[in-house]
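Chemist: Chain by chain, the residues:
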Amino acid sequence: MSDLLARFAECAFWLARYLERAENLARIIDVNESLAQESRRAEEWLPIVKIHTDEDVFFAKHASATAEAVIDFYILDRDNPNSVASAVHMARENARMLRHLISTEMWTHINVFHNELRELTPSDLRLGKLSALCFQIKVHCQTHAGITEGTLYRDQVWSFHELGKCIERADQTTRLLDIKYHHLLPSPELVGSPIDAGQWNALLRSAAGYHAFRRVHPRGMNPATVAGFLLFNRYFPRSVFVSLDLACGLVERLEDRFALTGGGSVASLKKLRGGLESADIAEVIKCGLHEYLDSLQRRIIAITDELGSNYFGHGGGAVGARKQNQCQPA
Amino acid sequence: MSAAVNPSVLAGYDPGPHYCEMLGLPGHLSGHAAPIRDRLSHLTFEALQQRTQAAERELYNLGITFTLYSGATSIDRILPFDVIPRVISPEDWRIIETGVIQRITALNLFLHDIYHDRKILKDGVVPSDLVLGNSAYRPEMVGVDVPFGTYIHICGTDIVRDETGRFLVLEDNGRTPSGVSYVVENRRMMLRAFPDLTEGVALRPVSDYGPRLQEAMMEVAPQGNDDPEVVLLSPGVFNSAYFEHVFLAREMGVPLVEGQDLFVGEDDRVYMKTTAGPALVEVIYRRLNDDFLDPEVFRPDSQLGVPGLLRACRAGKVTLANAVGTGPADDKAVYAYVPRIIKYYLGGEAILANVETNICREDEGLKYTLDNLEKLVVKPVNESGGYGITVCPKANKSQIADCREKLLADPKNYISQPMIDLSVCPTLIGDKVEPRHVDLRPFIVTGRDSWVLPGGLTRVALPRGSIVVNSSQGGGSKDTWVLE
Numbered sequence: 001m002s003d004l005l006a007r008f009a010e011c012a013f014w015l016a017r018y019l020e021r022a023e024n025l026a027r028i029i030d031v032n033e034s035l036a037q038e039s040r041r042a043e044e045w046l047p048i049v050k051i052h053t054d055e056d057v058f059f060a061k062h063a064s065a066t067a068e069a070v071i072d073f074y075i076l077d078r079d080n081p082n083s084v085a086s087a088v089h090m091a092r093e094n095a096r097m098l099r100h101l102i103s104t105e106m107w108t109h110i111n112v113f114h115n116e117l118r119e120l121t122p123s124d125l126r127l128g129k130l131s132a133l134c135f136q137i138k139v140h141c142q143t144h145a146g147i148t149e150g151t152l153y154r155d156q157v158w159s160f161h162e163l164g165k166c167i168e169r170a171d172q173t174t175r176l177l178d179i180k181y182h183h184l185l186p187s188p189e190l191v192g193s194p195i196d197a198g199q200w201n202a203l204l205r206s207a208a209g210y211h212a213f214r215r216v217h218p219r220g221m222n223p224a225t226v227a228g229f230l231l232f233n234r235y236f237p238r239s240v241f242v243s244l245d246l247a248c249g250l251v252e253r254l255e256d257r258f259a260l261t262g263g264g265s266v267a268s269l270k271k272l273r274g275g276l277e278s279a280d281i282a283e284v285i286k287c288g289l290h291e292y293l294d295s296l297q298r299r300i301i302a303i304t305d306e307l308g309s310n311y312f313g314h315g316g317g318a319v320g321a322r323k324q325n326q327c328q329p330a
Numbered sequence: 331m332s333a334a335v336n337p338s339v340l341a342g343y344d345p346g347p348h349y350c351e352m353l354g355l356p357g358h359l360s361g362h363a364a365p366i367r368d369r370l371s372h373l374t375f376e377a378l379q380q381r382t383q384a385a386e387r388e389l390y391n392l393g394i395t396f397t398l399y400s401g402a403t404s405i406d407r408i409l410p411f412d413v414i415p416r417v418i419s420p421e422d423w424r425i426i427e428t429g430v431i432q433r434i435t436a437l438n439l440f441l442h443d444i445y446h447d448r449k450i451l452k453d454g455v456v457p458s459d460l461v462l463g464n465s466a467y468r469p470e471m472v473g474v475d476v477p478f479g480t481y482i483h484i485c486g487t488d489i490v491r492d493e494t495g496r497f498l499v500l501e502d503n504g505r506t507p508s509g510v511s512y513v514v515e516n517r518r519m520m521l522r523a524f525p526d527l528t529e530g531v532a533l534r535p536v537s538d539y540g541p542r543l544q545e546a547m548m549e550v551a552p553q554g555n556d557d558p559e560v561v562l563l564s565p566g567v568f569n570s571a572y573f574e575h576v577f578l579a580r581e582m583g584v585p586l587v588e589g590q591d592l593f594v595g596e597d598d599r600v601y602m603k604t605t606a607g608p609a610l611v612e613v614i615y616r617r618l619n620d621d622f623l624d625p626e627v628f629r630p631d632s633q634l635g636v637p638g639l640l641r642a643c644r645a646g647k648v649t650l651a652n653a654v655g656t657g658p659a660d661d662k663a664v665y666a667y668v669p670r671i672i673k674y675y676l677g678g679e680a681i682l683a684n685v686e687t688n689i690c691r692e693d694e695g696l697k698y699t700l701d702n703l704e705k706l707v708v709k710p711v712n713e714s715g716g717y718g719i720t721v722c723p724k725a726n727k728s729q730i731a732d733c734r735e736k737l738l739a740d741p742k743n744y745i746s747q748p749m750i751d752l753s754v755c756p757t758l759i760g761d762k763v764e765p766r767h768v769d770l771r772p773f774i775v776t777g778r779d780s781w782v783l784p785g786g787l788t789r790v791a792l793p794r795g796s797i798v799v800n801s802s803q804g805g806g807s808k809d810t811w812v813l814e
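In the order they appear, the protein sequences are chains A and B. Using this note's numbering, the first residue of the first sequence is number 1, and each one after it goes up by one. Using this note's numbering, the first residue of the second sequence is number 331, and each one after it goes up by one.
Derived from the structure by calculation, the hints contain no laboratory data. Be a bit skeptical, because a hint or two may be false.
Claimed, not checked - Here are a few chain B residues that sit away from chain A, every Cβ distance over 10 Å (derived from the structure):
{"no.": "1", "residue": "Leu355"}
{"no.": "2", "residue": "Ser371"}
{"no.": "3", "residue": "Leu378"}
{"no.": "4", "residue": "Pro457"}
{"no.": "5", "residue": "Ser465"}
{"no.": "6", "residue": "Leu498"}
{"no.": "7", "residue": "Met548"}
{"no.": "8", "residue": "Glu559"}
{"no.": "9", "residue": "Val576"}
{"no.": "10", "residue": "Gln590"}
{"no.": "11", "residue": "Lys603"}
{"no.": "12", "residue": "Ala609"}
{"no.": "13", "residue": "Gly677"}
{"no.": "14", "residue": "Thr687"}
{"no.": "15", "residue": "Asn726"}
Claimed, not checked - Derived coverage of chain A by chain B (criterion: at least 3 residues anywhere in the stretch with Cβ under 8 Å from a Cβ of chain B; other residues may be distant):
{"no.": "16", "segment": "106 to 113"}
{"no.": "17", "segment": "137 to 149"}
Cβ coordinates follow ideal geometry from the N, Cα and C atoms, glycine included.
Given the sequences, and given the hints that come with them, work out the whole structure.
Modeler: Structure, rendered in structure tokens:
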């Protein structure tokens, strides 16, 4: 079997990232709707703009962060690269390039998903329908994951697809947590209030983590236990630790099965996982959760760049690095 | 045929004065399609329409689309598909099969000759300037030997049928012909949507096109490697035939690459950039035109090609399929000489006749064309996709005047042909079955030897009376059934 084209490795990586991103956008919008319902403040939809650092682009287009404007911006707006429509469109473009390497079932499903989104109109985004729409988006993304699990040939394409999924999920879970920070920021007196507890509850549910959390913490719910759970839990599939741990397993598989050494990116991934393994949530909160999440996001971006030069041939250097360079031109 | 209760699909169908692929000559019911007619008669319009809708939805979900360019915008569309098949008898197929193999054999000999000894030019059989002055002639290929003398590995030959049922070759497509993916996909869809139509009828299969092509590609690899790496080189996702490139790469089981994925090393070999570093490539099935292949030799602004590719090809380190410089063989002006080319190299008459062609670069041809313009179809010699054609018998006065002006301004850019009364096929149009004109593009694959995919792409002109079948001009397709 010949090695995978570097370009296709990257397409597989981003195909998974974009669909994982679409799923998490749906989760973020869904949880924000819950948080907004309980909040009595104006601009309760602004946090979504903030966690994506989209203030400049958003306010160039919209006067204020109304529910309609933010929801449209993050679901339908094709000009916004961080919208569900853009993410699914980009996923489809990557799938199109990978079309000959992925299964027909994967491709057909992405097409159906893409076509459904294209048929949406602003009236489908009204608050009464929003939750159902977010549910539908999530189910489509999960269907993709299921079809992939059941049909994608497990060569390098599969490894890079899964790697993209893990990296994106780690990043998105930090953003999901961060949204809570932005909701509470203007009113620190609410910390520990019933509203606060309700918000942590909603956050956990949006990550599909409420029941898992209860198994670990049968009683009580506070910032430390919830944030600690979403960041460091060893078994929860959406925790940052589990996502990065899986990513480490995938780069190891690339080395064992295909003799691909990821160079610096593998070292950085393992270092970050090690850091999470030994981190203490009390310490994190003392130093500032938001700042900690910010630094995690920056490290994940740096790792993506390293993966680009180690596997995808970015930066002009030689593409990839095999232990024995048996394929170098004479 | 009793069709009293449920009006059957073919009841009331009248092909008029045309040869019909389902019924035969006007007034003489042909036996070859009888089993299919019989099965169709058990279907109602409603069933036919429902199954058509299901088939089209499937194409849409599968993303089997082509891209239509109109100015700066592009639209993804599915190729309209008609579910009533075009049926070819074993006898008719034998004529087509032997005819196109004879033709491709002669054309490959012709290409070898014009890039080596030029005997056919010296003997005055084909005018020298028509070949050597042709913009598609590539002096870079002079003296270059290609494995088995095969230049055109994949050929799509456009064939029509006149009102007497005689097959005529309209043109050869020996550069980067497309359309074969529809042949295979149409069949898959028909077998799923109409199992009752094919039950008990022995059809020649089309599903092994990919493996056959892959085998031919392996055969033409440079000497010395039993397991050469074959790749398909595509211009990329924005190409209108990208879906087909994907389809073929999958069917052949080869990497689908773009120019940016390949490079030519110091050793004149071609490599692709993989996750594990450079990997040797020995055969390239390229779906990129000559002009874009190598910016070092052809268009320097090409972002799609691979610098040095022609160098690798000339050094015999890589085989390109089709070879560089096949253009003169399917040129619309050279076309007129193909019967003589066949006779020159193979010594016999052409099994498949040409459509009578007037070459406007010759005074006689131009004069005849201008004198008889209202009866003729005028084609530019260097266009494809049906662009630039004037069908004078169906054109209005100002279009004909326009055509005359263009002819006079640049006669050597045109040929003219009599209008052939193309054969028709029953075709579902709204809630009626009506005759529509069709052509046929069989695909010939040549490595060491030639093989013809049974059937080929039947294109159907959907507007009433139209004879332009190109997808860019409102054409659709049909499944083509060659009976055993």
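Chemist: So, for every hint listed, does it hold in this structure?
Modeler: Structure-based check of each hint:
1. Residue placement check: Leu355 of chain B keeps its beta carbon more than 10 Å from all beta carbons of chain A (closest about 42 Å).
2. For Ser371 of chain B, the shortest C-beta to C-beta distance to chain A comes to about 34 Å, beyond the 10 Å cut-off, and the non-interface label holds.
3. Every Cβ of chain A is farther than 10 Å from the Cβ of Leu378 of chain B; the closest lies at roughly 25 Å, confirming the non-interface assignment.
4. Against chain A, the non-interface label of Pro457 of chain B holds: every CB pair exceeds 10 Å, the least being about 44 Å.
5. With a minimum CB-CB distance of about 33 Å to chain A, Ser465 of chain B clears the 10 Å threshold, and the non-interface call stands.
6. No Cβ of chain A comes within 10 Å of the Cβ of Leu498 of chain B; the nearest lies about 37 Å off, and the non-interface call holds.
7. Non-interface call for Met548 of chain B relative to chain A: holds, since the shortest CB-CB distance, roughly 14 Å, exceeds 10 Å.
8. Once the 10 Å rule is applied to beta carbons, Glu559 of chain B is inconsistent with being away from chain A; the minimum gap is 6 Å.
9. Against chain A, the non-interface label of Val576 of chain B is violated: not every CB pair exceeds 10 Å, the least being about 4 Å.
10. Once the 10 Å rule is applied to beta carbons, Gln590 of chain B is inconsistent with being away from chain A; the minimum gap is 7 Å.
11. At roughly 4 Å, the least C-beta separation between Lys603 of chain B and chain A is not larger than 10 Å, which violates its mark as non-interface.
12. Annotated as non-interface, Ala609 of chain B brings its C-beta within 10 Å of a C-beta of chain A; the closest such distance is 5 Å.
13. The beta carbon of Gly677 of chain B is kept farther than 10 Å from every beta carbon of chain A, the shortest such distance being approximately 43 Å.
14. Listed as a non-interface residue, Thr687 of chain B keeps its Cβ farther than 10 Å from every Cβ of chain A; the least gap is roughly 40 Å.
15. Look at Asn726 of chain B: its CB is around 40 Å from the nearest CB on chain A, clear of 10 Å, so calling it non-interface holds up.
16. Proximity of the segment 106 to 113 of chain A to chain B, defined as three or more residues with a beta carbon under 8 Å from a beta carbon of that chain, is established by the 4 residues found.
17. Under the rule that three or more residues need a Cβ within less than 8 Å of chain B, the assignment of the segment 137 to 149 of chain A is violated, with 0 such residues.
The structure shown violates the earlier hints numbered 8, 9, 10, 11, 12, 17.
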